[in-house]
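Protein chains in written order, with the UniProt record's numbering: chain Z, 1 to 484; chain H, 1 to 446.
Fair warning: there could be bad hints in the mix.
[To be verified] 20 Å max Cα-Cα, derived EDC-like pairs, lysine to aspartate or glutamate:
1) Z:81 x H:80
2) Z:81 x H:49
3) Z:382 x Z:446
[Unchecked claim] Derived coverage of chain H by chain Z (criterion: at least 3 residues anywhere in the stretch with Cβ under 8 Å from a Cβ of chain Z; other residues may be distant):
4) 162-171
5) 177-184
6) 252-263
7) 415-427
Hint data in this document are derived by calculation from the structure and do not stem from the laboratory. Beta carbons: idealized from backbone N, C-alpha and C, even for Gly.
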Amino acid sequence: MTSQTHAMLDEASDLLLTPGGLDLAALDDGLGHAMGPGVDYADLYFQRSWHEGWVLEDGEVKEASYNIDGGVGVRALAGEKTGFAYSNQITADALAETGRTASGIVRRGERLAVAPGVAMASQSRYAGVDPLTGLSAEDKIAMLKLADRVARAADPAVSQVSASLSGVHEVVLVRASDGTLAADVRPLVRFNVSVIAVRNGRRERGSAGGGGRYAMVRLRDDNVAERYAREAVRQALVNLEAVDAPAGQMPVVLGPGWPGILLHEAVGHGLEGDFNRKGSSAFAGRIGQQVASRGVTVVDDATLTDRRGSLSVDDEGTPGQSTTLIEDGILTGYMQDKLNARLMGMAPTGNARRESFAHLPMPRMTNTYMRAGSDDPADILKSVSRGLYAVSFGGGQVDITSGKFVFSASEAYLIEDGKITAPVKGATLIGNGPEAMGRVSMIGHDMELDTGIGVCGKEGQGVPVGVGQPTLKLDELTVGGTQS
Amino acid sequence: MTQAFDAAAQQTLLESRARMALELARRLGADACEVGASVDQGVGVSVREGEVETVELSRDQGIAVTVYVGQRKGSASSSDAGETSVRAVVEKALAIARHTGEDPASGLADARLMATELPDLDVHHPWPLSIDEATDLALRCEAAGRGMAGIRSSDGASLSSGEGVRVYANSHGFLGSQCGSRHSLSCMLIAEDENGMQRDYDYTSARAPRDMAAAEAVGESAARRTLRRLGARRPATGRMPVLFDPSLASGLVGHLMGAIAGGALYRQASFLCDRLNTPLFPEWFSLGERPMEVGAMASSPFDGDGVQTRDNVFIRDGRLASYMLSAYSARRLGLETTGNAGGARNLRVSAPLESREALLARMGRGVLVTELMGQGVNAVTGDYSRGAAGFWVEDGEIRYPVEEFTIAGNLESMFQGLVGVGSDIDTRGSIHTGSWLVDEMMVAGS
Chain Z
1 MTSQTHAMLD EASDLLLTPG GLDLAALDDG LGHAMGPGVD YADLYFQRSW
51 HEGWVLEDGE VKEASYNIDG GVGVRALAGE KTGFAYSNQI TADALAETGR
101 TASGIVRRGE RLAVAPGVAM ASQSRYAGVD PLTGLSAEDK IAMLKLADRV
151 ARAADPAVSQ VSASLSGVHE VVLVRASDGT LAADVRPLVR FNVSVIAVRN
201 GRRERGSAGG GGRYAMVRLR DDNVAERYAR EAVRQALVNL EAVDAPAGQM
251 PVVLGPGWPG ILLHEAVGHG LEGDFNRKGS SAFAGRIGQQ VASRGVTVVD
301 DATLTDRRGS LSVDDEGTPG QSTTLIEDGI LTGYMQDKLN ARLMGMAPTG
351 NARRESFAHL PMPRMTNTYM RAGSDDPADI LKSVSRGLYA VSFGGGQVDI
401 TSGKFVFSAS EAYLIEDGKI TAPVKGATLI GNGPEAMGRV SMIGHDMELD
451 TGIGVCGKEG QGVPVGVGQP TLKLDELTVG GTQS
Chain H
1 MTQAFDAAAQ QTLLESRARM ALELARRLGA DACEVGASVD QGVGVSVREG
51 EVETVELSRD QGIAVTVYVG QRKGSASSSD AGETSVRAVV EKALAIARHT
101 GEDPASGLAD ARLMATELPD LDVHHPWPLS IDEATDLALR CEAAGRGMAG
151 IRSSDGASLS SGEGVRVYAN SHGFLGSQCG SRHSLSCMLI AEDENGMQRD
201 YDYTSARAPR DMAAAEAVGE SAARRTLRRL GARRPATGRM PVLFDPSLAS
251 GLVGHLMGAI AGGALYRQAS FLCDRLNTPL FPEWFSLGER PMEVGAMASS
301 PFDGDGVQTR DNVFIRDGRL ASYMLSAYSA RRLGLETTGN AGGARNLRVS
351 APLESREALL ARMGRGVLVT ELMGQGVNAV TGDYSRGAAG FWVEDGEIRY
401 PVEEFTIAGN LESMFQGLVG VGSDIDTRGS IHTGSWLVDE MMVAGS
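Isolated chain Z (complex conformation):
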């Protein structure tokens, strides 16, 4: 055990256990309640989070909020069965009550012992800091006002500016019957700017933002207020000129970075362990088969330094790792939590995530991206005689069973004779995951990660994620515009 791991456990124990009269040794008893007859695995997940948000509107920071959340979630597994209860009190009584409740999922069987806790040695992927400190309230307000001034000065068409700064200081501690003992301090910050531009009676929005797992002070040092204000205005002005989008099948070129949500929807969700164990994913049973064009390599990587989707340890205490999902077009792996890995005879991949102590963990993505290819982005555009070039997106969604996915462009252009021409209004793109991946025909050498804005929803639980990709050409995708 490294001294860093020690320090993290001590800090988590002080913040999570001490106030309720508990310590690390007391967790063996707590876990004992959940390890009832017939239960083969149980875990305790302690969490506390402090969230702060500042919002600017009409040139003034009129609203700010602060939220304190915390408690313990207790889970008992027996084969494919899960019992779950939680409490916002972290006390011996609460552990006894929730433990007995969770273990009620089975009522017969052997009572197994709790393995002694062994601290997981894991490498930190971000500094375990409280991201809310380091900037004064005045500093935070000044950043928001700077974004407002920059956006309004950028163009007279800008009529409304809103900006927000938010941060979460989160501390978690996991203790499981298999001996797992792990703690993590996870900072997460974000800065966002949204503008409305009006010209000739037409009104359009533009927005930009980003962040990651670091202190708020870095947002100021990186000058994000100015950068995102300019970017939001640029996008709004582009949209003021946008013409109606085309409708029908055509080649689509996706820009680098955030358009990687295509991968997140088209393949990512379909490669989560739970859907594949249940056979409900279009990718079920296809490991070793070609599921994408040659050259397509997709990874889910929790180990990227300071990234929004990164995890030093996941919510079951498994160290975050990098998992190759598709290598040169061949399906090589799924993303797993302990439950699904065990039932499928595979190893957990550090992808167990939960929105909070009050939610059950599931296999989820961290940072999912496609590795760079060798094509020059300019050549990719040149190869298209008529198509769509999409550089920014709103959101997406997938039906993992049929494989159908959609995502909505928020900034896109027509490609005519190899050149980018008119901007077009946001259009939804729709396709079938496995089919679309087989239509990737060119991959740029310009891999980029997104700026840190993604929230992924699954079964009502939202978690922060990252995406990325190089410039990419799909030979054919359906574009949902209004012009035939």
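Please build the complex by placing chain H on the supplied structure of chain Z, with the hints as guidance.
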């Protein structure tokens, strides 16, 4: 494994915590204060392929405090409504209010608007259900669906049952509280043919257990919905009429309400800015809310500002008759609140209703959309482009399932182009409407 929930005791406790927060805020220097507090408890059971998969017991609590110092505002909240937390939350809200800027529109709603009629709206119907009984219902639901010929497997059936208490109080002396319940049962099934797998689901949801559909009926309906998707093709690209299933038509009502919400209007983030009293829909179409309807999904005598709710008409004879405003957004727009802090309650469409068959016959050739995907709705411009699945209609009859296409248009022209509303009203949510037939949209498929 059940947990007791004494709603009356929880109500008394939350009310006392709300009063404590108001008193503390006053003593620590707040000029005005408002408090929202809630506690919810429930059980969720999910089964899959005839076996229990998950049993989940939930109990969530929360308290949120907003203080005003002059025209400055600060808010803080906690997932624990214990006395220590209440003190911490009030102190934090006051600390924030020292830094925020002055806002001439901030503050509580006018004292004269506080709700005085606080009838019991009959929305609290707890279900004393044991885990075994809940499991049995979910299993029966799933078995009914799995038993239908052609169903390959199940993605599970879930039963959830919950009740809770919410309290809102402010320094005008207003205190309102309401106990409520909600129960639901859903089932998702998978079917497969040579073209691949399809899944679909159905659900029932109600305030009172007696108003829920039978477990077997939900499972069978989920199976029918899944089976009818097999063999789906892609429709040809072109302009044609679109019939929206009732559950999706209520989404169109939702987009309308989002666009006439005060917050979107004062931010100029709506395609319906400055459209009050202008025609938006055909003359035969009206839309209003019934917040005091007894036993309904979203009934409440007071809104999120403590203001008395009322039967607002938002669309009258096709015209935009009222925006949807809270005290704050009304001040920003120079108008009066409509008692809609927290949104609209129990929206009801008023129009001549036609049978599904009559609507299909009027449509002739087009698509019946039963599922929408993605977030392709731009509230600022009204531009609409979403992924869809449904059925191809020819000569007024459903011919075959269609999938992997988009429908696109602009909400304003879709509202103008509404040509019929179905009698097949979906009453499961807080928006009740039948199908909507829209005269023309762009369908992009093959």
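Item to complete: Assess, step by step, whether the Cα of residue 382 of chain Z is no farther than 20 Å from the Cα of residue 446 of chain Z, and give holds or violated.
Response: At roughly 16 Å apart (the allowed maximum being 20 Å), residue 446 of chain Z and residue 382 of chain Z satisfy the hint.
Worksheet entry | Claimed coverage, the stretch 415-427 of chain H by chain Z - three or more beta carbons nearer than 8 Å | Not satisfied, violated; 0 residues make the cut.
Worksheet item: Does residue 80 of chain H lie within 20 Å of residue 81 of chain Z when you go C-alpha to C-alpha?
Response: violated, 30 Å
Practice prompt. Decide if the proposed pair is consistent with the structure: residue 81 of chain Z and residue 49 of chain H, CA atoms, cutoff 20 Å inclusive.
Written response: Roughly 12 Å separates the two Cα atoms, so the pair holds.
Practice prompt. Quick one: see if chain Z covers the stretch 162-171 of chain H, three-plus residues with Cβ-Cβ under 8 Å.
Written response: With 0 residues closer than 8 Å to chain Z, the stretch 162-171 of chain H misses the three-residue bar; violated.
Fill in: Residues of the stretch 177-184 of chain H with Cβ under 8 Å from chain Z, three needed, outcome
violated (count 0)
Worksheet item: Do three or more residues from the stretch 252-263 of chain H put their C-beta atoms closer than 8 Å to C-beta atoms of chain Z?
Response: violated (count 0)
Of the numbered hints stated above, those contradicted by the structure are hints 1, 4, 5, 6, 7, listed in ascending order.
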